[in-house]
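Engineer: Here are the chains, one letter per residue:
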Amino acid sequence: MSESGKIGVSILAIVDIQGLTYTYPTSEKPALRGISLQVEQGEFLAIIGPNGAGKSTLCYSVAGFVPHFFKGKLEGKVQVAGLDTQSASLNDLVLKAGLVFQNPFTQISGAKFTVYEEIAFGLENTGVPREEMKERIERVMGLTGIADLAKRSPYALSGGQQQRVALASILIMEPEVLVLDEPTSQLDPIGTREVFQVIKDMSKRGMTIMMAEHKVEWVAEFADRVLALSDGEALLLGKAEEVLTSPRLPEHGIGVSRYTTAARRAIQEGLWPTGRRLPVTLVEAVEGFQRGQA
Amino acid sequence: MSTALTLYIDRNSRLHVLNPLTKVALTATLLTAGFALPEGWISYSIVLLIVVPLSALGRVWRQLVKATWKIVLPFAVSVFLIQGLFWGSGTPLFSIGSLSFKLEGISFAFLSVGRILLVVSVFMLFALTTRPDTLMLALTHIGLPGSFTYIVVTAIQIAPRFQARAATIVEAQRSRGLETEGNIFRRARALLPLVMPLVLSSLVDVEERAIAIEARAFNSSQPKTSLIKIPDSRGESITRWMFLLLMALAIGYRVIAKN
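Which chain is which? The protein sequence lines are C and U, in order.
Taking the working numbering, the leading residue of the first sequence gets 1, the next gets one more, and so forth.
Taking the working numbering, the leading residue of the second sequence gets 1, the next gets one more, and so forth.
With the rest of the complex left out, here is chain U (with noise of 0.2 Å):
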């Protein structure tokens, strides 16, 4: 069982040791250009010229190309047939039996197959470089309160834990009888003695830690302090800036560019 709900891998890299605020910076830019400009080839460019290289500076490319490749595929084969075979009108590019590929079919289904390629390698990117507990203590230094960077970090530790849990619930059921197999009708039945176990037992866990994080001070008024120190400097800071224009110019682009 995983220890966490985290795709992070701890590298000694360049990209590593990044502000969680400039990745997420260099996220959103990416995402911008690739949906803001408007041709097809921009959201392929920035993958292969920006995304892989990054990932390779940050030691997680094969870890990257490996879960985009997995998750990308499938769409991809599925839009470019959708939408090349059942474009309505347009120029047919090649005949399989009285279907046709039509040329604007294929183009909008690179465009969109881009996208979602940018997408997800975008963010894959992101989650493989940075932990998620600094990621929420970049964000509590600008202002979101610590009780919500609180439950989002925990929810990430503590699902994996939810879903063992769970089957070990099914498991003490069913070595009682219970059948959690068959039609849909047997399945409604088996529903209730595995969800109110595993509700009622989370109850308990969720009041018990209440306490344990009260017992360590959660609640105090004093200004928090933090044991990792979250690098950042002049020179990151200067580079968010420089994103946040890019981002403003190429949604302005956009924008010149539909008028």
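Looking at chain C on its own, in the form it has when it is part of the complex (with noise of 0.2 Å):
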């Protein structure tokens, strides 16, 4: 167990992004400039950032997508459990790297009549003997509590149902690595609470996971480091409770948690305790006007 207290965690660069920088086809100016950032195996680094900083293309870069499937121009390099990003081919490079993004519904694949069937879509495309691929299935539907769903249409579920399933059927390929662009977006606050369930179970597990994401409590709750992005430059990257608590964030329209708000004001109240870090989460909140009070 390491300091985190995850199992598994070594500090071998599972990611190891240096000097990227990527011009869609379509635009001239570069969506994201001179990114360069390591991820240890077994982290869970947020990626936050207004709309338009580049949390996506960041998210596609260490899939794969990026370069291949939206061409454009990238300098620098990206290195993914191994494989470069830009020699590899993309479907070596999905094994490695799981991507989920907004839409629970587009990424149901259409292709399957049942949750069950859906799972196992990408076990079909490798080539992964029957027998497996149900012993798979029954271990991800319980990893990510979809077992009762089985027999549905994943056109019948509720969002946070269908992004659960999206989850599952990537997890079943046991990717090294899983981005997250945003997850959460699109879903109502339970189907949100039922993903980041699963998310957090995956960072326990010592799964390495790269998140794109607006809700920094949430963030906060689960990332080990941060990385804040704006106008595809890197602003800040570090410990969550200290990039999420930066006074930059807000300079660059990157929201904060309203209890960083609120802490903020207070100081100016006096109703802060002097030299406490300011809270991201609604425990340290609490906690410090306790202090601040008495």
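Bear in mind the hints are in silico, worked out from the structure with no lab data behind them.
All of these numbers come straight from a predicted model, not from anything done at the bench.
Mixed in with the good hints, there may be bad ones.
Listed next, the in silico EDC-like pairs over lysine to aspartate or glutamate satisfying Cα-Cα at most 20 Å (straight line) [unchecked claim]:
| id | chain 1 | residue 1 | chain 2 | residue 2 |
| --- | --- | --- | --- | --- |
| 1 | U | K224 | C | E131 |
| 2 | C | K151 | C | E138 |
| 3 | C | K151 | U | D10 |
| 4 | C | K29 | C | E75 |
| 5 | U | K229 | C | E132 |
| 6 | U | K229 | C | E135 |
| 7 | C | K204 | C | E241 |
| 8 | U | K224 | C | E269 |
Join the two chains, each given in its own frame, into one complex according to the hints.
Structural biologist: Pasting the structure below:
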């Protein structure tokens, strides 16, 4: 067990990005400029930033869709689990980095009539034998809490359920890195909670996760480190509690936790303990305000 | 809203467990017999003595009869009226006012309706007892490209959603004051604000779905496997060849009879 308390965390960088600059084919301005970072195995890196900051582009870059699907001009280097994303094929890369994105509906393949079969779609494509498929389906359905949905049509589910099916469909392929591009942005609060619960479980099991997300309170609960992007560039990279309370975030239009905002205001009124780190979550805020009152 | 544009009804029946290709061969044989053999009663006999009993075996006879009746009845009434009354010179059977029903017209209508009844009931039996994805899988096994079968199956599932989205766009645009009813010019003007959002959103969906299936290695060069095992047996294989032989015989009989 590592310092982070997660199972199986090592100090090996499983994602290595060096000087990544990328421009989409129909754009003149780069969507990402000079991004460099390493993600350790078992680490949870959150990516925050305003709309258009490059979060999705960074996710696609790690999963290999930049440049293989979107083409465009890529400079620099991105390595995922030992594969260079420019020289390796997309078919090889998707086995290393699994991608889940915002819209639960479009992630349903449409080729299968039940959730049970939908989850196996990726394994069918990679030639996994039938008996092994069945074992992996059962295991992944348990991990994502969708065993009771097995016989239902994927199109007859709620958004949260569909997103968990999408997660299961990727997790069953046993990627080394899980890349999530705002997986809860189109979900209601219940669906959001269901999906984050699965993500939390995966993180506890030592999965390497990169997640673009706007909901900073959830990010604070899960992330080891946070990368803040602004206009395609890395603004801040560091521990979650440091980045999420940085005054530079609101300056660049990046949303902060309401508890952080409240505490900043409280400092002016002398209601927040001097020297105490600003809160991001409700629990931190309550503890801080109680200390300030004492 | 239905979850898929399919007539398939899930049942535990001996018809349902047959290999889809066997059912394709059966469908083709019944249709060939109905069209190749000239006697008008052949089609009706096939429906009454083969299709309906098979639908009972498949536990879908109620759905088959109901759906077939709904489709064929209006057609049958119009064909009998038109062919019977307007056949031209022929043997009058009975008259209504100045119009008379001709024997030859009625005979032709009898033959035509029989064939329509055969086509509708046979295809209905096939659709009610065959899952589209297993059919596509069976066709892939005999060489049809996987990408083609994917397109067919996804179209079946996604079409109802496309319809629902179109309905949502119509409601949304109406709430913004777009007038969608009235004369033809008003309706034509309303087309662009309705069609453009539908097309654009569908294009976005297509791109996202392409990414999603790529993320699941759809274009992998590995030979694909299948979670679903499509049943097949030597007996079914022989049966399919027998069906092909019967089709050849029916066609041969038709050719010889014509000459």
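Engineer: Indicate, hint by hint, whether the structure satisfies it.
Structural biologist: Right, here's what the structure says about each hint:
1. Restraint check: the Cα-Cα separation between U:K224 and C:E131 comes to about 14 Å, which is no more than 20 Å; the hinted pair holds.
2. A distance of roughly 13 Å separates the Cα atoms of C:K151 and C:E138; the hinted pair therefore holds under the 20 Å criterion.
3. This hinted pair checks out: C:K151 and U:D10 have alpha carbons roughly 12 Å apart, not beyond 20 Å.
4. A C-alpha spacing of about 13 Å is found between C:K29 and C:E75, which places the hinted pair at or below 20 Å, so the restraint holds.
5. For the hint pairing U:K229 with C:E132, the CA-to-CA distance comes to about 14 Å; that is within 20 Å, so the pair holds.
6. The hinted pair formed by U:K229 and C:E135 meets the criterion: a straight-line CA distance of about 16 Å does not exceed 20 Å.
7. Our distance criterion of 20 Å between C-alpha atoms is met by C:K204 and C:E241, whose separation comes to about 19 Å.
8. With a C-alpha separation of about 66 Å, the suggested pairing of U:K224 with C:E269 is violated against the 20 Å cut-off.
This entry does not satisfy hint 8, going by the numbered hints stated previously; all others are met.
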